Amino acid sequence: MASGQKAARVGEEVWKTRVEKVNAELVTLTYGTIVAQLCTDYDYDYAQVNQQLDKMGYNIGMRLIEDFLAKSNIGRCGNFRDTAEMISKVGFKIFLNVTPTVTNWTADNKQFSLLFDENPLADFVELPDDGRAQDELWFSNILCGVLRGALEMVQMSIEARFVSDVLRGNDVTEMRVTLLRYIEDEMPPDDD
Amino acid sequence: MALNSTPAIACIGIIGKHASSLPSCCLATDNPLHISLFPPHQDEDLDMTFLLNSCLDIFDLRARSKTLDQDLGLLQAIDERLAAYGWLTNTGIKFIIVVDMMGRPPPPDENKRRFPPVVGLRDAELKPAFRAVQTAYIQLMLNPFYSPDHRTPLQIANYGDKSPEITSKRFINELQRIGKIWTPGITSI
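First to last, the protein sequences are chains L and D.
Using this note's numbering, the first residue of the first sequence is number 1, and each one after it goes up by one.
Using this note's numbering, the first residue of the second sequence is number 1, and each one after it goes up by one.
Extracted from the complex, chain D is given alone in its bound form:
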């Protein structure tokens, strides 16, 4: 494939905390709060939703096996191209970043690649991105007009109401910025 070989972020998912303690149960209620997609994956929302979903069990497994650090590092490599990294806040919010190892198509005017081709990614490379996402999330929570939803998706489905998805423009723009700016080796976003 003729894509740039610098890894780039393909998707950032924010998953709410209604993690059921029974992952096998049909009431498992992790609720996606927000999913940002980046080119060339912007039309793959269904694929990405499945992918994010598949990561949730890994979160759960890791949570059982040992006490967790916030940074879970690599959750799973889906194929040669996509890999999912996870971050769990102490309040139970999960951030998942899916990295596309082939990167995104370079803009036409980009001067010759500034970064050498990267073969693998170290877990720590995603840290600045996760930190930035967490900062954005904190900013969102500090907004007095944002009310986080404490109902489970099942309750919402049953009693009807608007979905708890994040609609804040500032938050969404910030995630877009993070996703576009991140490259391996970046130290701060």
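Chain L on its own, in the form it takes in the complex:
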């Protein structure tokens, strides 16, 4: 796929030349501490924790998209498939140095999955063994919020949520992204 390759090239290029790196453990431990602290603050009400993480992510995404567009210098995506490639191969690449696999498209091209082979946020983590965290907590839920916030700033209303997580014992970490609508009637150019 041409757009995929282009995105991969852009991502690699930006990652190498225009991104300031920071120690991975610092990021992982900081994020882990935030989640653990949220868990105590909300008295282990994991639904609340998920929601807070999503909210925090949303606020990050809203700001991050500016940085993303400035660094990557890419234009408008032709369709949602291109958007998905950009998210995976440029967005995740330059901010987390991972490229989740884009897959499981629905026929109407409005829903896809991101499969995370590795997740820098969740290194070292073992969910609390209280019988509920494994079923209720989405540890990396901040990422959903980031996507939602970032895409909203470029006129796309989406819904993102995790459907499986290796931390819970699933085989893969999968995030499901659904395009709800383009905001302000700004329809993108037709998919040729």
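Note that these hints are calculated values from the structure, not bench results.
Please note: incorrect hints may appear among the correct ones.
Stated by the list, open to error - Dumping the calculated SDA-like pairs for lysine to any residue here, alpha-carbon to alpha-carbon at most 20 Å:
hint	chain 1	residue 1	chain 2	residue 2
1	L	Lys110	L	Thr28
2	D	Lys169	L	Asn170
3	D	Lys169	L	Pro128
Quantities reported herein were computed from a predicted structural model and do not represent experimental measurements.
Starting from the known structure of chain L, arrange chain D on it as the hints suggest.
Relative to the frame of chain L, chain D by itself:
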């Protein structure tokens, strides 16, 4: 005894850092964080607890006599069969590995012994095992949901709370793996 004569790990103990500076005092508070037992010793938890306890004074003695390296090597040989080796992290956590010189019963399908019979063990032979235990311990500490306990056992006993023992499944499984895989001469675990 008809056991395999390749030495094997019988027990790994992780001892917390509430080492009292007064070992003779009744408040000596080294607290076991975790003890892994391996066949054929899996039912000897009381014996092993005593044994580990007896090692703690040796840690203390060595700490007084000279500046310590992390690897303390052989702490004591209990009898012809069991010997205890120690490792002290810079944060005061003690790892103790008890080695059974007779090894464990070989699995029925094991092809003829791959290692020649070993008479003695060099201190360095335990190093890979200690390193692996330390790595596992570091992994445990990096887990944001694990909160190390800084209270002394006495405080816990007085104010009541759950014991500070390590419950992480991943850590326990990793120790089991280390204990089973280690043989003399192994270079990395």
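Here's how the hints hold up against the structure:
Between Lys110(L) and Thr28(L) the CA atoms are separated by roughly 31 Å; this puts the pair beyond 20 Å, and the hint is violated. Straight-line distance between C-alpha atoms of Lys169(D) and Asn170(L) comes to about 16 Å, which keeps the hinted pair within the 20 Å bound. Taking the CA atoms of Lys169(D) and Pro128(L), the gap is about 10 Å. The hint holds against a cut of 20 Å.
Hint check: a violation occurs at hint 1 only; the rest are consistent with the structure.
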